[in-house]
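Protein chains in written order, with our numbering: chain A, 457 to 991; chain B, 457 to 991.
A portion of the hints provided could be inaccurate.
Because identical chains share one entry, a pair is satisfied inside a single copy or across any pair of copies.
Stated by the list, open to error - Listed next, the in silico SDA-like pairs over lysine to any residue satisfying Cα-Cα at most 25 angstroms (straight line): (1) 556 - 769; (2) 881 - 651; (3) 640 - 980; (4) 866 - 979; (5) 660 - 830; (6) 498 - 638; (7) 498 - 758; (8) 635 - 706; (9) 762 - 558; (10) 635 - 506; (11) 903 - 638; (12) 923 - 878; (13) 635 - 566; (14) 866 - 920.
In case anyone wonders, no lab produced these hints; they're calculated from the structure.
2 protein chains.
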Amino acid sequence: MKNPEPANERFTIQYIITVNDKRSIEEHASDITLEQTVEVPKNCIPDKNFEEGIIGIVENIQPNANIPNQYIVSISYRTDITEFSIPQFFNVLFGNISLKNNIKISDIIFADSFFSVFKGPNYGIEGIRKLIGVYGRALTCSALKPMGLSVDGLSKLASSFAIGGIDFIKDDHGISNQKFHPFKERVSRCQDAVEKVNADREHKTLYFPMVSGKFEEIEEQVQYVLKEGIRGILIAPMLVGLDTVRYISDKYNLIIMTHPALTGTYFHDPSHGIQSSVLLGTLFRMLGSDISVFPHAGGRFYLTEKDCLAISNSLRCTNGSWQNAFPCPAGGIHMDKITEINDTYGVDTVLLIGGSLMQHSADISHSTKIFMKKIKSLYNEKLCPPEIPFASSCEIPSVTDQNRNLPLIKFENFTWSGRLTEEYKTNRCFDFSGINRQELIGKSGEKTSFDLRYFEIKPGGYSSLEKHVHEHVIIGVRGEGVLIKGDSSFNIAVHDIAYVSPLEKHQLRNDGEMPFGFFCIVDHKRDKPTVIKDE
Amino acid sequence: MKNPEPANERFTIQYIITVNDKRSIEEHASDITLEQTVEVPKNCIPDKNFEEGIIGIVENIQPNANIPNQYIVSISYRTDITEFSIPQFFNVLFGNISLKNNIKISDIIFADSFFSVFKGPNYGIEGIRKLIGVYGRALTCSALKPMGLSVDGLSKLASSFAIGGIDFIKDDHGISNQKFHPFKERVSRCQDAVEKVNADREHKTLYFPMVSGKFEEIEEQVQYVLKEGIRGILIAPMLVGLDTVRYISDKYNLIIMTHPALTGTYFHDPSHGIQSSVLLGTLFRMLGSDISVFPHAGGRFYLTEKDCLAISNSLRCTNGSWQNAFPCPAGGIHMDKITEINDTYGVDTVLLIGGSLMQHSADISHSTKIFMKKIKSLYNEKLCPPEIPFASSCEIPSVTDQNRNLPLIKFENFTWSGRLTEEYKTNRCFDFSGINRQELIGKSGEKTSFDLRYFEIKPGGYSSLEKHVHEHVIIGVRGEGVLIKGDSSFNIAVHDIAYVSPLEKHQLRNDGEMPFGFFCIVDHKRDKPTVIKDE
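Isolated chain A, as found in the complex (with noise of 0.2 angstroms):
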């Protein structure tokens, strides 16, 4: 992730305000301006070493014609205060703001760097249509419930989904890694299930675990989910963290099935929070949302029918260079009104059904069959074969290499056990000769703040002569060699050190007739040589 934004780039919020006091409108929003960049009074800003422009500028005021005193301000930042990261970002957007009233986000007008900086799907409805080749046809889910379930009974209920012929099953929310059902052997188990039905047919049904893990083992649980050969996971942004599923997003190339816990204050209040269409639709995408599950209208939950369709036109519509996403409306959809339902969202959309399923008949295979039929009914279905095949996937990135952190790297005849005999240089601008490399340490996952290498010169051989910035430290362990060093030489035996200082033009040499090596240590982060032609 670059941040390749031109000065001085800004992008916009828009806030719907409601005054309920005795101060103009402007103030409020020059308030803003102040609240969410510097945090101090105008007139302690200083003068000198400051940077210009880090201060809101309020772009526009308009007042909302159907509400006395409510405005719709629109307040434009530089975009590099956001530092292109997502937690400074959300800071911007609403942090301190957050703990007044009456202040709205209704939109955000991106700037181009976001685009090149925050990839948004890695799939979007178009990459989700091509991944399973259902065209012409809303596409349906159904969940993994209830919690407290037996490993055995959730993939049963798996298999019987995808029996039916669900496009998508995930896992309730609630179902993380309990005792009674753990999240690795819960997983493989309902996947299996999943696949075995997959097997005997070209239409594919896919599963996506529900990813809720501790800081430090969620990384380990997509990895996990990525080896069962998963293509898409559900995951909860206010429970495991905002930058959380930005950074699963960014790196796997996974469907990212989002869900909505413990979102529901930024919304619930029309005057005071984030629209539930910028908060589920325009920033959960930016994460990397393929498929923002909300509550739809009419459900268990309060969102109105407008609410669900700004959150879908959010999620659908063209923002920069960003794919378009999945809706997924949830929470009470029942099976008698699918048909309007249908009506309401069009035909990208995935619909969630739940419980009614469960309900309907005690035979799940069976009413989930005569959901997918009433769905195929609304729509004419076009086929194609999924384009990505489905076995498992071998594309992980790969955090740890095998070489990574060996306990001990074992010394035999000056080789090191897990590291590799490499070239000195590959740049042929350098004369050097008979000479190669080990990386020992810094190269293979350390985080050290230096690299200790292996080298060795044949009989004759020498290495390049060079300056640099960064210092050498030398340290003899095999043979006998000379180290050319400033005006001077030294005869470099086992266990001796040498050090060579900054800009210090050397060499190493091997005038015997045994093999030279040695031990050198640089900082890891460093300068490149400068060669040095022989005078």
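The hints should help you fit chain B onto chain A, whose structure is shown.
For chain B alone, kept in the frame of chain A given last:
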């Protein structure tokens, strides 16, 4: 972290429920018992293979005498459904019902097992007072700002606050890793400025940098802070993730000061959300907050004095085995109101004064002195020597200048020319035997980012069993020895290389009959080891 809960142990959540429809309070309460657990209608719960007691139990319903249609409802849950993890605990607490209305969490009564899993504040009020040696008065804090000021300006400001005698300096929470004040440079420079002032006096000002890095970099930032000799951090749980804070507090022995950014919508509505006393008090203390910043009544934000006192009480009350934490009222605290603010909160408080110090006078150290004088005039301050030494990590005697930058440090019989053989450690808290040290590189004027040392252990001798954030690289030089590393042990022979990861417990032993000598390479700037008592 173990899960030591007895079978079917339960904990209780208290809700304030406002009924605004025709259903009874009993129906509302019953809905919550399902919504937060199994998330299906009761008749969908299978008989077989289902864990007993998963569904919440309504323990008590009391009408609120003062508000019609409002009830105080207690519901108990099996503790193990929370997985004893922060993400799933918050899910059970308020995941789905956040998406409803008229439900406010007003209390949590934990069960024993929570206190053994979640250890709460590392230092607490007593620990922080011992650390800095200040008793009998409220503690004080100010903030480095504004965002956009140069690193030079910020470090000068830090110096001024320290000269003025403030107890703590925190970064403004919007100062993160922006290119105009990059994290590492800013942290090092501000800490240097504070250390310089501290060096000349017994009272020590502590600097708490804001840590808000991305998922993949936040732990490195914490380690950087530790290596700089810094004792605490400022962190915003909702920005970086709730469990990220728990993780950092658990793993690193830091003072955790929490910031309330992005929390406001949880408590701004009196009838829906999580009370501020529960979120900023109880729950942030559960995550490890030693000092919880919250908006003071009468400042720029809307909390009432009653809210602020309830937060303070949740932080300071007895709650299982958790240490008491400091309330830290902030946001519009003015010099001229210090007396009444002190009366409100009492002695065990950290008063955060920001802009007001800047507005009071252009000479910040002068206005800080006046502020400190006012505070001290209200109390009988008692000072003790700070408990923990504040020297930077260089108690190591330095080699005489004559030996600096010797061109060659000649090896002879396991000593090196110009280098002294010294004691292994001067601190007798550590258990070690028969070991000495030669500082070869890093203490004689070299500017390397690493130090190279030679240690030699006599037969039967051993180094201390310890751990630290900085890594070790060990190279066998003489004889053979044993490296204890985590739960394993390895033989180290000549030229073998071993790597010790951050916080891995380790020890070197010589069980043989000949001397065992090894090089040890470490980062030049590094944290102090923690001794591990024999288990």
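Within, between, both or neither: how does the pair residue 866, residue 979 come out at a Cα-Cα threshold of 25 angstroms? Result: close both inside a copy and across copies, 23 angstroms intra and 22 angstroms inter.
Between residue 556 and residue 769, at a C-alpha cutoff of 25 angstroms, which is it: within one copy, between copies, both, or neither? The answer is between: 22 angstroms across copies meets 25 angstroms, while 28 angstroms in one copy does not.
Residue 660 and residue 830: within-copy, between-copy, both or neither at 25 angstroms Cα: within (19 angstroms within a copy, 72 angstroms between copies)
Could you figure out if residue 866 and residue 920 sit no more than 25 angstroms apart (CA to CA) within one copy, between two copies, both or neither? between (29 angstroms within a copy, 24 angstroms between copies)
What label fits residue 881 with residue 651 when the C-alpha limit is 25 angstroms: within, between, both, or neither? within (24 angstroms within a copy, 43 angstroms between copies)
Could you figure out if residue 903 and residue 638 sit no more than 25 angstroms apart (CA to CA) within one copy, between two copies, both or neither? both (23 angstroms within a copy, 20 angstroms between copies)
Homomeric proximity label, residue 635 with residue 506: Cα distance no greater than 25 angstroms: Classified as between; 13 angstroms across copies, 54 angstroms inside a copy.
Within a copy, between copies, both or neither: which one fits residue 640 and residue 980 at a CA-CA cutoff of 25 angstroms? both (16 angstroms within a copy, 17 angstroms between copies)
When no copy is named, should residue 635 and residue 706 be tagged within, between, both, or neither for a Cα gap of at most 25 angstroms? Answer is between: at 22 angstroms across copies they meet the 25 angstroms cutoff, but 30 angstroms inside does not.
Within, between, both or neither, where residue 635 and residue 566 count as close if Cα-Cα is 25 angstroms or less: between (43 angstroms within a copy, 20 angstroms between copies)
Using 25 angstroms as the alpha-carbon threshold, which applies to residue 762 and residue 558: within, between, both, or neither? both (21 angstroms within a copy, 21 angstroms between copies)
At most 25 angstroms between CA atoms: does that hold for residue 923 and residue 878 within a copy, between copies, both, or neither? This pair counts as within: shortest intra-copy Cα distance 22 angstroms, inter-copy 34 angstroms.
When the structure is compared with the earlier hints, no violation turns up for any of them.
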